[in-house]
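As a plain string of letters, each chain reads:
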Amino acid sequence: DVKVTQSSRYLVKRTGEKVFLECVQDMDHENMFWYRQDPGLGLRLIYFSYDVKMKEKGDIPEGYSVSREKKERFSLILESASTNQTSMYLCASSGPGGGGIYEQYFGPGTRLTVT
Amino acid sequence: DQQVKQNSPSLSVQEGRISILNCDYTNSMFDYFLWYKKYPAEGPTFLISISSIKDKNEDGRFTVFLNKSAKHLSLHIVPSQPGDSAVYFCAASWGTGANNLFFGTGTRLTVIP
Numbered sequence: 001d002v003k004v005t006q007s008s009r010y011l012v013k014r015t016g017e018k019v020f021l022e023c024v025q026d027m028d029h030e031n032m033f034w035y036r037q038d039p040g041l042g043l044r045l046i047y048f049s050y051d052v053k054m055k056e057k058g059d060i061p062e063g064y065s066v067s068r069e070k071k072e073r074f075s076l077i078l079e080s081a082s083t084n085q086t087s088m089y090l091c092a093s094s095g096p097g098g099g100g101i102y103e104q105y106f107g108p109g110t111r112l113t114v115t
Numbered sequence: 116d117q118q119v120k121q122n123s124p125s126l127s128v129q130e131g132r133i134s135i136l137n138c139d140y141t142n143s144m145f146d147y148f149l150w151y152k153k154y155p156a157e158g159p160t161f162l163i164s165i166s167s168i169k170d171k172n173e174d175g176r177f178t179v180f181l182n183k184s185a186k187h188l189s190l191h192i193v194p195s196q197p198g199d200s201a202v203y204f205c206a207a208s209w210g211t212g213a214n215n216l217f218f219g220t221g222t223r224l225t226v227i228p
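Just so you know, the sequences run in chain order A and B. Under the numbering used here, think of the first position of the first sequence as 1, with each following residue one higher. Under the numbering used here, think of the first position of the second sequence as 116, with each following residue one higher.
Worth flagging that the hints you see were computed from the coordinates, not collected in a lab. Each hint should be verified, as a subset may be incorrect.
Only pairs whose alpha carbons sit at most 20 angstroms apart, straight line, appear in this in silico SDA-like list of lysine to any residue [what the hints assert, rightly or not]: (1) B:K171 with A:K71; (2) A:K55 with B:N215; (3) A:K57 with A:F20; (4) A:K55 with B:G210; (5) B:K120 with B:R176; (6) A:K57 with B:S167; (7) A:K3 with A:K57; (8) B:K171 with B:A156; (9) B:K120 with A:V52; (10) B:K120 with B:G175; (11) A:K3 with B:E157; (12) B:K152 with A:Y102.
Anything over 10 angstroms on all C-beta distances counts as not near chain A; from chain B, calculated [what the hints assert, rightly or not]: (13) L149; (14) A213; (15) P228.
Note that the Cβ used here is the ideal one computed from N, Cα and C, for glycine as well.
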């Protein structure tokens, strides 16, 4: 079974803090993704990566950066947390297979609150 | 602007009956569609998919129907079971870029025993 783990289930940070969200997958997947989920908006793609040290912007990259130093690990960084970044953050991975990039395996999510 | 819409935020169905979850899309370039299921405190899990060259795909109790002319997708669950109670997201994609996958807002299904 593919396992995608996220470093924290719940996180509370103050405005202006630098926040690191970590994600690790154990299936040797090339593709990794960071989404945020907000009520009424579905899942929105923040950043994704096709390979180590590669990153691509998604639909809402502003205020975020990412790091992928190892294939299994994809980190999301909030450079200076703001209250509008309070959200559920979901990491996902995918690899070669029937559905390719779109059949994604998700982690349990990190609920981040910025006060 | 939402390219993938799930207009029913919630649905309640009696155990054993059919659950029908609906999804509409606006982009005629979408050629691959997926349904994900999400339990509380867990991430979404892939459920079933369909390519635009098909109009139906079945996997056990789950069937996805695609009506390209109406730009409409539906997921049928027969028979519904209490363990099916979850939030269901539809998603649509085109091409191969990760930027080309769009999710709906989800429908919360409650199956009443």
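Please verify whether K55 (chain A) and G210 (chain B) have alpha carbons no more than 20 angstroms apart. Roughly 19 angstroms between the alpha carbons, so the hint for K55 (chain A) and G210 (chain B) holds.
Examine each Cβ of chain A, and state whether all of them lie more than 10 angstroms from the Cβ of A213 (chain B). violated (4 angstroms)
Between the alpha carbons of K55 (chain A) and N215 (chain B), is the straight-line distance 20 angstroms or under? holds (15 angstroms)
Keeping to a limit of 20 angstroms between CA atoms, is the pair of K57 (chain A) and F20 (chain A) held or broken? holds (17 angstroms)
Please check whether the beta-carbon of L149 (chain B) is more than 10 angstroms away from every beta-carbon in chain A. Incorrect as stated: the minimum Cβ-Cβ distance to chain A is 6 angstroms, not above 10 angstroms.
Could you grab the alpha-carbon distance between K120 (chain B) and V52 (chain A) and see if it respects the 20 angstroms cut-off? violated (34 angstroms)
Compare the distance between the alpha carbons of K57 (chain A) and S167 (chain B) with 20 angstroms, and conclude whether the hinted pair is satisfied. It is violated: about 27 angstroms lies between the C-alpha atoms, which goes past 20 angstroms.
If you draw a straight line from the CA of K171 (chain B) to the CA of A156 (chain B), is it 20 angstroms or shorter? Violated - the C-alpha atoms of A156 (chain B) and K171 (chain B) are around 31 angstroms apart, more than 20 angstroms.
Assess, step by step, whether the Cα of K152 (chain B) is no farther than 20 angstroms from the Cα of Y102 (chain A), and give holds or violated. Holds, because 14 angstroms separates the two Cα atoms, which is no more than 20 angstroms.
Does G175 (chain B) lie within 20 angstroms of K120 (chain B) when you go C-alpha to C-alpha? Cα-Cα ~25 angstroms, so violated.
For the pair we were handed, K120 (chain B) and R176 (chain B), check the Cα-Cα distance against 20 angstroms. violated (24 angstroms)
Does K71 (chain A) lie within 20 angstroms of K171 (chain B) when you go C-alpha to C-alpha? violated (36 angstroms)
In the structure shown, a violation is registered for the earlier hints numbered 1, 5, 6, 7, 8, 9, 10, 13 and 14, in ascending order.
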